[in-house]
Amino acid sequence: MTRLGWLRLGVVAALIGLLEALCRMGAIGRLTMIPPSDMAVALVKLLQDPKMLRHIGETLRNVAVALVLALAFGFVAGVVIRALPRLRRALEPLLATWYAVPFFMFYPLLIVIFGLGDLPVIMVGFLFAVVAMIVATLNGLDRVPRVLGKVARVHRLNGAARALLIDLPCAAPYLLTGAKLALAYSFIGVIASEFIMSGSGLGHEIAFAYNNFDNRTMYGLMLLVIVLVTAANMALHVYEQRQLRKRSRG
Amino acid sequence: MSDAHAELRGVSRVYPATGAQGEVHALGPVDLALAKGEFFSVVGPSGCGKSTLLDVLAGLARPSAGEARFEGRDLAGQVPDGVGVVFQEDASFPWLDVADNIAFGLRRAGVDAAEIARRVAYALGFMGLGDFARAFPAQLSGGMRQRVCIARTLVLQPRLILLDEPFGALDAQTRLLMGDELLRLWRETGATVLLITHALDEATMLSDRIGAMSARPGRFIETLATGWARERDSRIVADPAFGKVTARLWALLREESIRAIGAGLRK
Chain L
1 MTRLGWLRLG
11 VVAALIGLLE
21 ALCRMGAIGR
31 LTMIPPSDMA
41 VALVKLLQDP
51 KMLRHIGETL
61 RNVAVALVLA
71 LAFGFVAGVV
81 IRALPRLRRA
91 LEPLLATWYA
101 VPFFMFYPLL
111 IVIFGLGDLP
121 VIMVGFLFAV
131 VAMIVATLNG
141 LDRVPRVLGK
151 VARVHRLNGA
161 ARALLIDLPC
171 AAPYLLTGAK
181 LALAYSFIGV
191 IASEFIMSGS
201 GLGHEIAFAY
211 NNFDNRTMYG
221 LMLLVIVLVT
231 AANMALHVYE
241 QRQLRKRSRG
Chain C
251 MSDAHAELRG
261 VSRVYPATGA
271 QGEVHALGPV
281 DLALAKGEFF
291 SVVGPSGCGK
301 STLLDVLAGL
311 ARPSAGEARF
321 EGRDLAGQVP
331 DGVGVVFQED
341 ASFPWLDVAD
351 NIAFGLRRAG
361 VDAAEIARRV
371 AYALGFMGLG
381 DFARAFPAQL
391 SGGMRQRVCI
401 ARTLVLQPRL
411 ILLDEPFGAL
421 DAQTRLLMGD
431 ELLRLWRETG
441 ATVLLITHAL
451 DEATMLSDRI
461 GAMSARPGRF
471 IETLATGWAR
481 ERDSRIVADP
491 AFGKVTARLW
501 ALLREESIRA
511 IGAGLRK
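Keeping their order, the protein sequence lines are chains L and C. Heads up, the first sequence is in our numbering, so the first residue is 1 and it goes up one at a time. Heads up, the second sequence is in our numbering, so the first residue is 251 and it goes up one at a time.
A few of these clues could be false.
[Stated by the list, open to error] Counterexamples of contact, computed for chain L against chain C with all Cβ distances above 12 Å:
1) Leu9
2) Gln48
3) Leu84
4) Leu87
5) Cys170
6) Ala171
[What the hints assert, rightly or not] Okay, derived cross-link-like pairs now, EDC-like style, lysine to aspartate or glutamate, Cα gap no bigger than 20 Å in a straight line:
7) L:Lys246 x C:Asp340
8) C:Lys494 x C:Asp451
9) L:Lys150 x C:Glu339
10) C:Lys494 x C:Asp458
11) C:Lys494 x C:Glu472
12) C:Lys286 x C:Asp421
13) L:Lys150 x C:Glu505
14) L:Lys246 x C:Asp350
15) C:Lys286 x C:Asp324
16) L:Lys150 x C:Asp340
17) L:Lys150 x C:Asp331
18) L:Lys246 x C:Asp347
19) L:Lys246 x L:Asp167
20) C:Lys286 x C:Glu273
21) L:Lys246 x C:Asp381
22) C:Lys286 x C:Glu317
23) C:Lys494 x C:Asp483
24) C:Lys286 x C:Glu438
25) L:Lys180 x L:Glu240
26) L:Lys45 x L:Glu58
27) L:Lys51 x L:Asp214
28) L:Lys150 x C:Asp350
29) C:Lys286 x C:Glu321
30) C:Lys286 x C:Asp253
31) L:Lys45 x L:Asp167
32) C:Lys286 x C:Asp458
33) C:Lys286 x C:Asp331
These are computed hints drawn from the structure, not numbers from a lab. All residues carry an ideal CB built from backbone N, CA and C; glycine is no exception.
Okay, chain L solo, but in the shape it has when bound (with noise of 0.2 Å):
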């Protein structure tokens, strides 16, 4: 690890060590925080418990069908977007200003439509990741050099094979960065659905354990959800880094 990295370990560990502190000595109320420590006890003993395991399994189920719609969704929007520039005027000012709708709103229609169950949490995450997807991907399109199109054409590929071997490898930094987006818009929108709508899931659970002043269990659930945002974003972080090394001077 780079010294940098060291550095940013050693300030994270600070706070840790300063919240520890300040719950241990009671500056930080019993009802309002748990220790540090006590979460990582209870998300261990929470891991153990099959009926929790269950809500976990859903959530990540649910999260991984949102991301992966978005991705699919968003990468083959943006392709048709940007290949119909009237198309894009027309929806610039949507796309420019759709995170400041407030989703939640729509709930009972989505209920409506899809019913209770699964499948209006999952559009919420779907619909909270997907745009960034789409913005990620006409960014990236649009910094495809005009010479690859002539290179292509030299090789005579046509146009899925086109996008497929050179538009797609060569947007995949700023696609990735569509992903880590996305992956945080559709953990947001799920988990924040499930704590108002679901009677099942990590936000269902994290919301009841907060009604019964469950401290133990609303924050253990909590520091596993930072734990696999934050675990999945560096996978991802990781990989882009490599990816733009390769294409980065020295």
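Given chain L, work out where chain C should sit, using these hints.
This is chain C only, laid out in the frame that chain L set:
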């Protein structure tokens, strides 16, 4: 029926009006006939339509009038088999290493793995890239990246090689050395070569014939035959005839260049 390897017959190219910009007559009409195995260069003022001429001859652009033919077939805006193009801009694929860049077209063409390995190894050695097979383009100099692009074109063994100012970004010494490499490749492959360049000395050194173009819309003012032997290299710059050919080119192009840049320079 013409026996030219590649030719343009009465080719013009007019770009339609866009927004505030009116219609632009970029090229022609031009006639050009390249003999098989000939090295032909096109020189002319900036913006005279040299690259447009290359695009039409490559099949990358349709002529607005006239026709472009390669080996007797009308191109009709399609790049035909047997044509390779090297562009002025860096066209290497940054996500592939040097060997994979060079092998790109061979894989697309379905060439078997052993033959790909053989041709790539030969191209790496030939272009002086042997130590950089696993390097990525970002780790190479501009000249080396251009050599990767030339190698990617040449491994496909094109019968017509079109070069659009391939050495434009290089310093003078490197350009001379790259010119030597290009002449060596040309002799060994027997391909027909059309080089677009703004450097008169480069055109003089490399070419069998040179077409001098007018300011836009570009037309050939005169075509000069250099009379060089096929076995030649950059040392030809010391030949007294080299200066004469280059001086003749400049005499042809000076007025056209002034016209292209602006009449104010006359004073």
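Going down the list of hints, with the structure as the test:
1. At roughly 30 Å, the least C-beta separation between L:Leu9 and chain C is larger than 12 Å, which holds for a residue marked as non-interface.
2. Residue-level check passed: L:Gln48 sits 44 Å from the nearest beta carbon of chain C, beyond 12 Å.
3. The claim that L:Leu84 lies off the interface holds: its Cβ sits roughly 18 Å from the closest Cβ of chain C, which is beyond the 12 Å cut-off.
4. Remark: the non-interface label on L:Leu87 is consistent with the geometry, its nearest Cβ contact in chain C lying 19 Å away (cut-off 12 Å).
5. Not every C-beta of chain C lies more than 12 Å from that of L:Cys170, the closest at about 7 Å, which undercuts listing it as non-interface.
6. Under the 12 Å C-beta cut-off, the non-interface status given to L:Ala171 relative to chain C is violated; the minimum distance is some 10 Å.
7. For the given pair, L:Lys246 sits about 16 Å from C:Asp340 by alpha-carbon distance, which is consistent with the 20 Å threshold.
8. Between the alpha carbons of C:Lys494 and C:Asp451 the distance comes to roughly 11 Å, so the proposed pair stays at or under 20 Å and holds.
9. Restraint check for L:Lys150 and C:Glu339: satisfied, since their Cα atoms lie roughly 11 Å apart, inside the 20 Å limit.
10. As the CA atoms of C:Lys494 and C:Asp458 are separated by approximately 15 Å, the hinted pair is consistent with the 20 Å bound.
11. The suggested pairing of C:Lys494 with C:Glu472 holds, with an alpha-carbon distance near 15 Å, which does not exceed 20 Å.
12. Between C:Lys286 and C:Asp421, the direct Cα distance comes to roughly 31 Å. Violation of the 20 Å bound is thereby established for this hinted pair.
13. Straight-line distance between C-alpha atoms of L:Lys150 and C:Glu505 comes to about 33 Å, which puts the hinted pair past the 20 Å bound.
14. For the given pair, L:Lys246 sits about 14 Å from C:Asp350 by alpha-carbon distance, which is consistent with the 20 Å threshold.
15. Taken as a hint, the C:Lys286 and C:Asp324 pair is honoured in the structure, with Cα atoms around 17 Å apart against an allowance of 20 Å.
16. For the hint pairing L:Lys150 with C:Asp340, the CA-to-CA distance comes to about 12 Å; that is within 20 Å, so the pair holds.
17. Annotation: proposed proximity of L:Lys150 to C:Asp331 holds, straight-line Cα distance about 15 Å (limit 20 Å).
18. For the hint linking L:Lys246 to C:Asp347, the alpha-carbon distance of about 9 Å falls within 20 Å, and the restraint holds.
19. Distance check on the hinted pair: L:Lys246 and L:Asp167 sit about 17 Å apart at the alpha-carbon level, within 20 Å; holds.
20. A threshold of 20 Å between alpha carbons decides the hint, and for C:Lys286 with C:Glu273 the separation of about 36 Å lies outside it, so the pair is violated.
21. At roughly 17 Å between alpha-carbon atoms, L:Lys246 and C:Asp381 fall within 20 Å of each other, so this suggested pair holds.
22. For a cut-off of 20 Å, the pair hint linking C:Lys286 to C:Glu317 stands: about 19 Å separates their Cα positions.
23. Between C:Lys494 and C:Asp483 the CA atoms are separated by roughly 17 Å; this keeps the pair inside 20 Å, and the hint holds.
24. For the hint pairing C:Lys286 with C:Glu438, the CA-to-CA distance comes to about 14 Å; that is within 20 Å, so the pair holds.
25. Proximity of L:Lys180 to L:Glu240 is assessed by CA-CA distance (about 10 Å); at most 20 Å being required, the pair is judged to hold.
26. This hinted pair checks out: L:Lys45 and L:Glu58 have alpha carbons roughly 19 Å apart, not beyond 20 Å.
27. Taking the CA atoms of L:Lys51 and L:Asp214, the gap is about 16 Å. The hint holds against a cut of 20 Å.
28. Simply put, L:Lys150 and C:Asp350 have alpha-carbon atoms about 19 Å apart, close enough for the 20 Å limit, and the pair holds.
29. Distance hint between C:Lys286 and C:Glu321 is fulfilled; the C-alpha atoms sit about 9 Å from each other, no more than 20 Å.
30. Distance hint between C:Lys286 and C:Asp253 is fulfilled; the C-alpha atoms sit about 9 Å from each other, no more than 20 Å.
31. Simply put, L:Lys45 and L:Asp167 have alpha-carbon atoms about 47 Å apart, too far for the 20 Å limit, and the pair is violated.
32. Proximity of C:Lys286 to C:Asp458 is assessed by CA-CA distance (about 12 Å); at most 20 Å being required, the pair is judged to hold.
33. The straight-line distance between the Cα atoms of C:Lys286 and C:Asp331 is roughly 16 Å, inside the 20 Å bound, and the hint therefore holds.
Of the numbered hints listed earlier, those contradicted by the structure are 5, 6, 12, 13, 20 and 31.
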